[in-house]
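Given the sequences, and given the hints that come with them, work out the whole structure.
Here is how the chains run, residue by residue.
Number of protein chains: 4
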Amino acid sequence: MGGNPHVLLIDCSDQKGIVHKVTGVLYRWNLNIEEQGEFVDHLSKHFFMRTVIRGGLDASSVLKELKEHVPTDAVLRLEELRTKKIVILASKEAHCLGDLLIRDHYGELNAEILAVLSNHSILEDLARKFNTPFICISHGHKTRAQYDEEVLAILKNYRVDYLILARYMRILSDRFVNVYTNRIINIHHSFLPAFSGAKPYHQAYQRGVKIIGATAHFVTADLDQGPIIAQDVISIGHSKTPEQLMQAGRDVEKTVLAKALRLVFEERVFVHQNRTIIFD
Amino acid sequence: MGGNPHVLLIDCSDQKGIVHKVTGVLYRWNLNIEEQGEFVDHLSKHFFMRTVIRGGLDASSVLKELKEHVPTDAVLRLEELRTKKIVILASKEAHCLGDLLIRDHYGELNAEILAVLSNHSILEDLARKFNTPFICISHGHKTRAQYDEEVLAILKNYRVDYLILARYMRILSDRFVNVYTNRIINIHHSFLPAFSGAKPYHQAYQRGVKIIGATAHFVTADLDQGPIIAQDVISIGHSKTPEQLMQAGRDVEKTVLAKALRLVFEERVFVHQNRTIIFD
Amino acid sequence: MGGNPHVLLIDCSDQKGIVHKVTGVLYRWNLNIEEQGEFVDHLSKHFFMRTVIRGGLDASSVLKELKEHVPTDAVLRLEELRTKKIVILASKEAHCLGDLLIRDHYGELNAEILAVLSNHSILEDLARKFNTPFICISHGHKTRAQYDEEVLAILKNYRVDYLILARYMRILSDRFVNVYTNRIINIHHSFLPAFSGAKPYHQAYQRGVKIIGATAHFVTADLDQGPIIAQDVISIGHSKTPEQLMQAGRDVEKTVLAKALRLVFEERVFVHQNRTIIFD
Amino acid sequence: MGGNPHVLLIDCSDQKGIVHKVTGVLYRWNLNIEEQGEFVDHLSKHFFMRTVIRGGLDASSVLKELKEHVPTDAVLRLEELRTKKIVILASKEAHCLGDLLIRDHYGELNAEILAVLSNHSILEDLARKFNTPFICISHGHKTRAQYDEEVLAILKNYRVDYLILARYMRILSDRFVNVYTNRIINIHHSFLPAFSGAKPYHQAYQRGVKIIGATAHFVTADLDQGPIIAQDVISIGHSKTPEQLMQAGRDVEKTVLAKALRLVFEERVFVHQNRTIIFD
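Residue numbers (the working numbering), protein chains in the order written: chain Y, 1 to 280; chain X, 1001 to 1280; chain E, 2001 to 2280; chain B, 3001 to 3280.
Because the hints were derived from the structure by calculation, they are not lab data.
In this text, a Cβ means the ideal position worked out from N, Cα and C, and glycines have one as well.
Where hints are given, some of them may not hold.
Claimed, not checked - From chain X, some residues computed to sit far from chain E (all C-beta separations above 12 Å):
no., residue
1, CYS1012
2, SER1013
3, ASP1014
4, LYS1064
5, PRO1071
6, LEU1081
7, GLU1112
8, TYR1147
9, GLU1149
10, ASN1157
11, ARG1159
12, ALA1198
13, LYS1199
14, HIS1272
Stated by the list, open to error - Simulated pairs of lysine-lysine, BS3-like, Cα-Cα distance not exceeding 25 Å:
no., chain 1, residue 1, chain 2, residue 2
15, B, LYS3129, Y, LYS92
16, B, LYS3156, B, LYS3085
17, Y, LYS129, B, LYS3092
18, X, LYS1016, Y, LYS16
19, Y, LYS84, B, LYS3240
20, E, LYS2240, X, LYS1084
21, Y, LYS45, E, LYS2199
22, B, LYS3240, X, LYS1016
23, B, LYS3085, Y, LYS85
24, E, LYS2064, B, LYS3016
25, B, LYS3045, X, LYS1199
26, Y, LYS45, E, LYS2240
27, B, LYS3016, E, LYS2021
Here it is as structure tokens:
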């Protein structure tokens, strides 16, 4: 029983009466609904419901009773809406990490940064300014598998809710991704049209794109193809050099990452079949 | 009983168990919920709920039973989600009217345009192209009250759901507004900062604004201060002449008006104490 | 000699003194510069200059003198800024065509629509409303080459400045494209990330994209890869059906196409190595 | 003579041949133009020109010669494009200050932060993290005039190019503003429509605005009415609490302030009759 609200998350195949039955349980426990949203996916006929409940409650008892009233394929979670614990993975670029540290400093991050982990030492100075533990693990002479095992071993020391890839420039092994299913959030630039290959900002310059974007997504084994959490763009003109495009890209990246984290940390995001359902 | 879905709209003071009770009625009538959203206003503790129900139903019986389960101050509506009937009021500018006529032509307006009414004849040609009745009522030698009575008398001949002010450059009398409470939708330009007085685009030019916006709102007796339905902006630079600013303004006006109409015609908009609650 | 301003467009390899020499010619001819912009591409060291000149002038004499003062690889154009003549190619969708016809009706298109040409008859009614000649050429039993020859033969009857593909759902043959180099403008949807294959809006729905965009570009032999003129996006959420995504896409498509046409028709766009340089 | 490019800024009443004459001087000094833009204001017939010159030069000699070729009302500047020296004034809110400190940390601010000055001590910890001098001047028992004199006296110790008001919640005295004409940059929230009076975010909530914006501007004696440098907005919905609106506002404020500083520090901004002309 705590002072924070609880959040109830249910997703299951759609069925008549679910909302009635679920809210009936809450009503009998005398719980106050503060926010509620439902959504039925039009194609898969899958039901999603997010309810914010104010007041103390015995979560395991309520949850037990709820399970008796929902379809058998239902996934239920009922948890206190608490500050999340995160580890930030970064490489050399400071803009996303710096934005998160500053937000944390003025109390807007809604998460506790347990540590910053990097394959380079360059960001150590920044993390230290904010008294955040910095772990540098060099990738020299290691295979991807070896490196990821080493990182996983270190992460075991923390009770991590989410890993945040703040411009972490390494591809994660499938094993790594599977350990943290739907718990790794990445940010990367996006272009219209998309560019594959190296130096995307140079390609964007040479192609004369008028818009630069960023996408925050959950990481799956399929590189940069995981469920999208947030996206935004910024307009640019022909006179910008590739370096200026990168600067514009950094601004939109940090904004989009912060938005995605807010949505996830407030338990607003369902993942279903490689897409997100977001109650915002 | 009809093939279209029904939409149930409830707003009332917040109370424990409302969702449970309301969905219980729907469940007992064996109705399928297709979309549902609830919202509790944080300041006024007022509850809003919008439910889309698929399948035939006896609306008056369901409504009667629903009324027994909601707070006494509740406002309930349960209606088939049908095409709205509208009259467009315009003056001399064609961009919003034209956009609505074209959308209607390709089946995207979700409304039936009963007539276009104007205090000028200049738009008659445009309305006629789309076989839309055009009513010109000159305002010469008439007081505002006289003019508005004349228009009201004509409108009585139609079963109007909504009046759309598509750049109708007349201020409506309070009496006119009261006849169509929350059923008149207006579009007007918006600036950051706001400009009062004549020639706002010239003022915007001289002030060097970087953004031009438009606001669609319900019309209340308080000029341009009614509940906001939709807003958007467009970025502009110093090199635009006042005429070019107007052109940019026209583009954003027609987009915002169309968005507002979609929201209203799909019964997604509640009005509460001069603000809107929108389930989109 | 005309009442409209003239526009001078120069692009060449960059060289010291070009602006001085070119403006010197204009000064000696006693011409008034109303607008001027220069740009040097950082990578290719190519120079671009656009000058709007007020007042009557003998274009061929001025042009002849200008050629003596610019690098030998220079491309020069000096023309009266006049209304462009266009033919619109469309298929079945009305939103872009309708928007252009309406803009033309209220005098904002800055072009003369000579005809609408389509491989279907469905848009004939819309074109006729605006007294625009409609040419339907069925593609049945014809190869792409045959079909395109037929269209080219018809287009020869018009003095076309630009062909506008307003959702023309046919791939143009290389020969067709080469006849109208940098004079065909297309609009198509754009996604972050990009989707290949059929039913892109369904793919976008299943992927849960948060942004839908549109790109207007010159058509080159490489499908949808020509120089980009304008782009914009619209934010969308998970609750939109594929059909609603398409509706949102139509809105952004027509806005972006209109913007691109304004830029091109005002002679603000240079094409250089598959990118555009735009003086707006 | 330095390694950085120089920037030449000229504004004067428009006259035939200015560009030719000015570029003639540059050509005779054998200087390379890297970027150039001109603009003639349509209403005031005032001419603006910004030229970036690569290569070493004797600025005072070039400037002297330039003065012989421009109208007598011309204002000329020819300076090395150097890192600007700034003092940041703040109060209690950390988001704008934090964003500037982080950008400075990763080398994107394009300015040297000489000090942070505040009427509160709460931001001292943040400034110290980045080894930035923090000056706290309490406003207790002081008139506005006394306080501002005290601040001015301290600022005299620095060679300040620009003062940045990063959520500095004090109104500046006219005398203060006059000492730093067009050298004080402020950021404040903007709404559509505008709200006067206290607690604007609560007013915005109660009015149900759909867009929240921010405006960066030069400070003039007329409060919040100075020339606008940059603006942007963010879309919001009815479900956001006033606190969440403030959070959204903070995000757009820091982005807009950073954009404005980039434009000013790169010498891209002219101020003319309470508006800005920006070569971006």
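Going through the hints against the structure:
1. With a closest Cβ-Cβ approach of about 24 Å to chain E, X/CYS1012 is found to remain outside the 12 Å limit, as its non-interface label requires.
2. Separation of X/SER1013 from chain E is adequate, the least Cβ-Cβ distance of about 27 Å exceeding the 12 Å criterion.
3. No Cβ of chain E comes within 12 Å of the Cβ of X/ASP1014; the nearest lies about 24 Å off, and the non-interface call holds.
4. Distance check for X/LYS1064 against chain E: the nearest CB is about 31 Å away, which clears 12 Å, and the non-interface claim stands.
5. With 12 Å as the threshold on Cβ separation, the claim that X/PRO1071 sits away from chain E holds: the shortest Cβ distance comes to roughly 28 Å.
6. For X/LEU1081, the non-interface assignment is confirmed: its Cβ lies about 14 Å from the closest Cβ of chain E, beyond the 12 Å cut-off.
7. No Cβ of chain E comes within 12 Å of the Cβ of X/GLU1112; the nearest lies about 18 Å off, and the non-interface call holds.
8. Even its closest Cβ contact with chain E, about 25 Å, leaves X/TYR1147 beyond 12 Å, as expected for a residue assigned away from the interface.
9. Interface exclusion of X/GLU1149 from chain E stands, the closest Cβ pair being 31 Å apart, more than 12 Å.
10. No Cβ of chain E comes within 12 Å of the Cβ of X/ASN1157; the nearest lies about 26 Å off, and the non-interface call holds.
11. The claim that X/ARG1159 lies off the interface holds: its Cβ sits roughly 27 Å from the closest Cβ of chain E, which is beyond the 12 Å cut-off.
12. Residue placement check: X/ALA1198 keeps its beta carbon more than 12 Å from all beta carbons of chain E (closest about 22 Å).
13. No Cβ of chain E comes within 12 Å of the Cβ of X/LYS1199; the nearest lies about 19 Å off, and the non-interface call holds.
14. Every C-beta of chain E lies more than 12 Å from that of X/HIS1272, the closest at about 22 Å, which supports listing it as non-interface.
15. Between the alpha carbons of B/LYS3129 and Y/LYS92 the distance comes to roughly 20 Å, so the proposed pair stays at or under 25 Å and holds.
16. At roughly 13 Å between alpha-carbon atoms, B/LYS3156 and B/LYS3085 fall within 25 Å of each other, so this suggested pair holds.
17. As the CA atoms of Y/LYS129 and B/LYS3092 are separated by approximately 20 Å, the hinted pair is consistent with the 25 Å bound.
18. Restraint check: the Cα-Cα separation between X/LYS1016 and Y/LYS16 comes to about 22 Å, which is no more than 25 Å; the hinted pair holds.
19. Simply put, Y/LYS84 and B/LYS3240 have alpha-carbon atoms about 21 Å apart, close enough for the 25 Å limit, and the pair holds.
20. Restraint check for E/LYS2240 and X/LYS1084: the C-alpha separation of about 21 Å stays at or below 25 Å, so the hint holds.
21. Among the hinted pairs, Y/LYS45 with E/LYS2199 is consistent with the structure: their alpha-carbon atoms are about 20 Å apart, no more than 25 Å.
22. Note on B/LYS3240 and X/LYS1016: the hinted pairing holds, with a Cα-Cα distance of about 22 Å set against a maximum of 25 Å.
23. Of the pairs offered as hints, the one joining B/LYS3085 and Y/LYS85 is violated, with about 39 Å between alpha carbons and a cut-off of 25 Å exceeded.
24. Between E/LYS2064 and B/LYS3016, the direct Cα distance comes to roughly 21 Å. Compliance with the 25 Å bound is thereby established for this hinted pair.
25. For the given pair, B/LYS3045 sits about 20 Å from X/LYS1199 by alpha-carbon distance, which is consistent with the 25 Å threshold.
26. For the hint pairing Y/LYS45 with E/LYS2240, the CA-to-CA distance comes to about 14 Å; that is within 25 Å, so the pair holds.
27. Taking the CA atoms of B/LYS3016 and E/LYS2021, the gap is about 15 Å. The hint holds against a cut of 25 Å.
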